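Residue numbers (this note's numbering), protein chains in the order written: chain A, 1 to 135; chain B, 1001 to 1144.
Simulated from the structure, these hints should not be mistaken for lab results. Be careful, since some hints might not be right.
From the derived model, a few chain A residues whose C-beta atoms are all more than 10 Å from chain B [said to hold, decoys possible]:
#, residue
1, 12
2, 34
3, 50
4, 54
5, 61
6, 67
7, 70
8, 71
9, 92
10, 129
Using 25 Å as the maximum straight-line C-alpha spacing, the simulated DMTMM-like pairs for lysine to aspartate or glutamate come out as follows [as the list claims (entries may be wrong)]:
#, chain 1, residue 1, chain 2, residue 2
11, A, 108, B, 1130
12, A, 53, A, 116
13, A, 112, A, 45
14, B, 1005, A, 116
15, B, 1005, A, 42
16, A, 108, A, 42
17, A, 53, A, 42
18, A, 112, B, 1102
19, B, 1005, A, 44
20, B, 1005, A, 45
These numbers come from a predicted model, not from an experiment. Glycine included, every Cβ here is placed at the ideal spot set by N, Cα and C.
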Amino acid sequence: MTIPSPALQPGAWSAAAMIAAIVLASTAGEVLTAAAMKSIGDLDEIRAHSGLKGAIHAVITCPLFFGGVSFLALAFFSLLFALNHLNLSLVAPASASLTLVTNAVAGKIFLKENVDRRRWTAAVLVCIGVYLLAH
Amino acid sequence: MAQPKLSAWQYTILALVSICAPLGDTCLSRGMTRLPPITLDHPMTLIAAVFTPWIALGIALLIGFFASYLTALSWADLTYVLPATAFGNVIVALLSRFWLHENVSWQRWAGIVLITVGVGFVAQGPALTERPAPAVEVEQEQVS
């Protein structure tokens, strides 16, 4: 088992850049994926009418879905890269909590979702809660 | 049309999203910390990492997460699904306290309370944004 020595630990700016890359790629991926699933419709209903094959076909023939998956794959490899250099206790809560806020903003702007006071409050409470869990 | 109340099946899907994601991330972390440091000079080593046992298990759990997540996004808003499924972080913290007998600091308990309250807040509201029906559908309804 090899653990990076302190000399190899990245600085604050490098750590921030790694986390920012995860957050941006993840937000773009989730917004595109959400837009794709809204355009497809209720998967449970599609599966009830056309079976599992029909549901899978509906998903994989949606171009927006592939845009979303591409960004989510980018976020995944950014996460693997960051986990190789930083602790999970920093990367997971920081990226998860920041992604909640960026997704609330992106959901309101791009998906025209009704992000009311209740959802903002929930996003901020969960964001602070996730941060506290890391300490 | 918006569905203000979710069915038991839909809550099960949200629970699967909550559980699979943190467990998958934990497996990935365990796998990646066992590997030597990876640099951008050798990006293919990241691909090779995918075939190690812990990372493969993490990926299997994340595939389960992704299938449930896509299903949830097909009947609920992104800004509803994300806070609602953050309860997975609480599950991991509670498991570490009562199963692994790890010490949970007061900050973590505060985090658990805040996430639980946040999930409670969002779960009380509608899962889907109500949108005006397309004009054609409205006309058809008026005719019938």
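Here is how each hint holds up against the structure:
Distance to chain B confirms residue 12 of chain A as a non-interface residue, since its nearest Cβ pair spans about 18 Å, more than 10 Å. Once the 10 Å rule is applied to beta carbons, residue 34 of chain A is inconsistent with being away from chain B; the minimum gap is 4 Å. For residue 50 of chain A, the condition that its CB be more than 10 Å from all CB atoms of chain B holds, with the nearest at approximately 14 Å. Against chain B, the non-interface label of residue 54 of chain A holds: every CB pair exceeds 10 Å, the least being about 13 Å.
The claim that residue 61 of chain A is not at the interface with chain B holds, since no C-beta of that chain comes within 10 Å of its own (minimum 14 Å). For residue 67 of chain A, the shortest C-beta to C-beta distance to chain B comes to about 14 Å, beyond the 10 Å cut-off, and the non-interface label holds. Separation of residue 70 of chain A from chain B is adequate, the least Cβ-Cβ distance of about 14 Å exceeding the 10 Å criterion. With a cut of 10 Å on Cβ distances, residue 71 of chain A stays outside the contact zone with chain B, its closest approach being about 13 Å.
Its closest Cβ contact with chain B, about 6 Å, brings residue 92 of chain A to no more than 10 Å, contrary to its assignment away from the interface. For residue 129 of chain A, the shortest C-beta to C-beta distance to chain B comes to about 3 Å, within the 10 Å cut-off, and the non-interface label is violated. With a C-alpha separation of about 14 Å, the suggested pair residue 108 of chain A and residue 1130 of chain B falls inside the 25 Å cut-off, and the hint holds. Note on residue 53 of chain A and residue 116 of chain A: the hinted pairing is violated, with a Cα-Cα distance of about 37 Å set against a maximum of 25 Å.
This hinted pair checks out: residue 112 of chain A and residue 45 of chain A have alpha carbons roughly 24 Å apart, not beyond 25 Å. Distance check on the hinted pair: residue 1005 of chain B and residue 116 of chain A sit about 18 Å apart at the alpha-carbon level, within 25 Å; holds. Restraint check: the Cα-Cα separation between residue 1005 of chain B and residue 42 of chain A comes to about 15 Å, which is no more than 25 Å; the hinted pair holds. Pair hint residue 108 of chain A plus residue 42 of chain A holds up; C-alpha atoms about 21 Å apart against a cutoff of 25 Å.
Between the alpha carbons of residue 53 of chain A and residue 42 of chain A the distance comes to roughly 15 Å, so the proposed pair stays at or under 25 Å and holds. With a CA separation close to 43 Å, the supplied pair residue 112 of chain A and residue 1102 of chain B exceeds the 25 Å bound. Proposed proximity of residue 1005 of chain B and residue 44 of chain A is supported: the alpha carbons are some 16 Å apart, at most 25 Å. The hinted pair formed by residue 1005 of chain B and residue 45 of chain A meets the criterion: a straight-line CA distance of about 17 Å does not exceed 25 Å.
In summary, the numbered hints that this structure violates are 2, 9, 10, 12, 18.
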